[in-house]
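Number of protein chains: 2
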Amino acid sequence: MGSHQKGEHGGSSNGSGGGAVVVDKGVDFAQYFCTYAFLYHQKEMLSDRVRMDAYFNAIFENKHHFNGKTVLDVGTGSGILAIWSAQAGARKVYAVEATKMSEHARTIVKAHNLQDVVEVLEGSVEDVTLPEKVDVIISEWMGYFLLRESMFDSVICARDRWLKPGGVMYPSHARMWMAPIRSGLGDQKKSDYDGAMDDWSAFLEDTKEHYGFDMSVLTKPFSEEQRKYYLQTSLWQNLHPHQVIGTAAIIKEIDCLTATVNDILKVTSNSISSITLENTRLSGFGGWFDVHFRGSKVNPAQQEIELTTAPSINNGTHWGQQVFLLHPHIDISEGDDLSLSFTMNRSKENHRLMEVELECEVKRSSGKQLPPFRNKFYIE
Amino acid sequence: MGSHQKGEHGGSSNGSGGGAVVVDKGVDFAQYFCTYAFLYHQKEMLSDRVRMDAYFNAIFENKHHFNGKTVLDVGTGSGILAIWSAQAGARKVYAVEATKMSEHARTIVKAHNLQDVVEVLEGSVEDVTLPEKVDVIISEWMGYFLLRESMFDSVICARDRWLKPGGVMYPSHARMWMAPIRSGLGDQKKSDYDGAMDDWSAFLEDTKEHYGFDMSVLTKPFSEEQRKYYLQTSLWQNLHPHQVIGTAAIIKEIDCLTATVNDILKVTSNSISSITLENTRLSGFGGWFDVHFRGSKVNPAQQEIELTTAPSINNGTHWGQQVFLLHPHIDISEGDDLSLSFTMNRSKENHRLMEVELECEVKRSSGKQLPPFRNKFYIE
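In order, the protein sequence lines correspond to chains A and G. Just so it is clear: in the first sequence, position 299 is 299 by the working numbering, and no numbers are missing. Just so it is clear: in the second sequence, position 213 is 1213 by the working numbering, and no numbers are missing.
Errors might be hidden in some of the hints.
[What the hints assert, rightly or not] Within a straight-line C-alpha distance of at most 27 Å, the following computed DSS-like cross-link-like pairs (lysine-lysine) qualify:
#1 1208(G) x 1164(G)
#2 100(A) x 1100(G)
#3 297(A) x 92(A)
#4 348(A) x 1100(G)
#5 1376(G) x 43(A)
#6 208(A) x 1220(G)
#7 252(A) x 348(A)
#8 1348(G) x 190(A)
#9 1133(G) x 43(A)
#10 25(A) x 1348(G)
#11 1100(G) x 376(A)
#12 43(A) x 1266(G)
#13 1297(G) x 1025(G)
#14 1133(G) x 100(A)
#15 1133(G) x 1297(G)
#16 220(A) x 1043(G)
#17 208(A) x 1133(G)
#18 1025(G) x 1063(G)
#19 1228(G) x 348(A)
#20 110(A) x 1208(G)
#21 1043(G) x 1025(G)
#22 1100(G) x 63(A)
#23 100(A) x 1376(G)
#24 100(A) x 1348(G)
#25 1348(G) x 208(A)
#26 1220(G) x 1043(G)
#27 25(A) x 1100(G)
#28 1208(G) x 92(A)
#29 1228(G) x 100(A)
#30 228(A) x 376(A)
#31 1043(G) x 228(A)
#32 133(A) x 63(A)
[To be verified] Covered stretches of chain A (in silico footprint by chain G; criterion: 3 or more residues with CB under 8 Å from a CB of chain G, positions within the stretch not fixed):
#33 23-32
#34 177-191
#35 214-221
#36 291-301
#37 334-347
Hints are computed from structural coordinates only; laboratory data are not their basis. All C-beta atoms in this analysis are idealised placements derived from N, C-alpha and C, irrespective of residue type, glycine included.
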């Protein structure tokens, strides 16, 4: 589920796998979980028709996975996936929710007369104790660009603790995608940044003149702070397919049945993208994800369902795409190739936010190679 | 200093006086302090000419308080008050700052060649250790409507630990004010709320029709959540003096030399306000504050300075005023009187945010009394 979050100071400890940092649970709740306690936020996600249809179809077109089975819903929110699992025939559903939204989930379960099947448990899935292992783990855990929020860590933990051998994951697979794009936003953000720096200059002069207080030693850190804010922070956008100017590349593939936290701590990828539009500009890159509901090899889905957040005219989702802008843009045309090196790590200050390094080399259709450039970005 | 802050879940412990709750320091840092680590935020406060002039004049027109003396600056931020104290002749200034902004303060101190006088200490003033007690404690601690952010707790702690007997506080006094106002915002917020509820109804129907998922049991909690957000949360406004429709009343007075945390945990006041505008509407109430720099009785200021955040055409501040709106407004006219009962407590979830209860009785100039009404508000 995509949610807005300020990137702020915080330690970390989640005890869910090698290499993970220590997350302070109080800080984690104050910064992250609490946003999900708002009904307005749940409504936003429930109103995402593409999202809801995918899970609805995945469940009801694969009732064999649910009928007479036990299910764990990680991060049940309003309880909808748990209720659908019960309606698809589940014998028992454990619906775990860390926030007080669990009380609303319990109310809705009762309103649907499913309290004998669906048991809502308030707490984190790392801490909760179930009376039995389950056949299915279902969860809508995806953040912007898939891994923002790092909620999949919790799903992995739930899987390792509670999924029976031979059990299935819903969704079963996930992929991250990236493509070169064009966008007017780059110029706008550069203009905003320049405005902020002009403003700073005027402020410096005013303050020096009026109070004899000289802050010019802070111009460099201020420009870094503003640069990060205006130019280096990825943006939420609902891209139009026409903005995608070259071939999209898969930069990460995840098998939800076998992935470890270590597998997702650091995402690295080298890919080539061919420009497909004539005489255009490379403004930056758009990142998105898709997930699939395929069941497992030994227990496959009867009907495979896909949920994609790729740029779309009619089927946009609340996730949008994450946009990484270059300053300045690069003039580019059909036949040019981009050699892309992508690295994503978790922010040291907040394990639910990301830092990205993009290295890009343009090879013109003429054969000429531009010097490679590397940019740092922040997914906040 | 006024700053925007999401009101979120968090425990609390600050050990600064009887009755105070336990504040989790990690959560407190993640929710509150961190916003002050941004240069952009410091710039906003430094750009507030009314604020800066008041402190500048308070210091430089009362050099006798600083010359050859020791000073503690609580929450030094960029270091400006500490530097001014040194420039006014202080022998030694301890500039305490909880965030990494302290590093910038140290840089600026050095740029002004004052590192032998001004010592910047990173840490909370509750934890820091000074080599000596001080003659003056200076701090810009005021939040929206004075007490939002509860930073004065830290100033009290600093005073009790580090101020010499006979020492002075800068500022020395503070007051909270309230007045009846008119505003077009009330209608707007009501309209936004109605829109949100209409939207919810449509959402309920859609979800029920499309997925057989009935969330009508959540209409009541959703409406409460939206009501709190649109109608009961105080708003930041820069009121025009023409919007003040009746006499303003002092609802709290603080002597910074003697106040205890207990004195400010709960603010209660009964006051009368006379309407001064004919045929107008009571849309709600505006709250603001002023502080004074008077020194102490035994060591008074030579030049008393006032910093007020009352509604003003030319001398507005970044604090604005806090506006508490009534729904619906009340038609009112010159000669009518308002009997106002005001209570403000700290939020249980976050001691830096407030909950307000306003009880109001209108007595018409005719003598007729309207039934009293009571409203709850949140300062987030």
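*Okay, which hints does this one fail, numbers in order?*
1, 2, 6, 8, 9, 12, 13, 14, 17, 18, 19, 22, 25, 26, 34, 36 and 37
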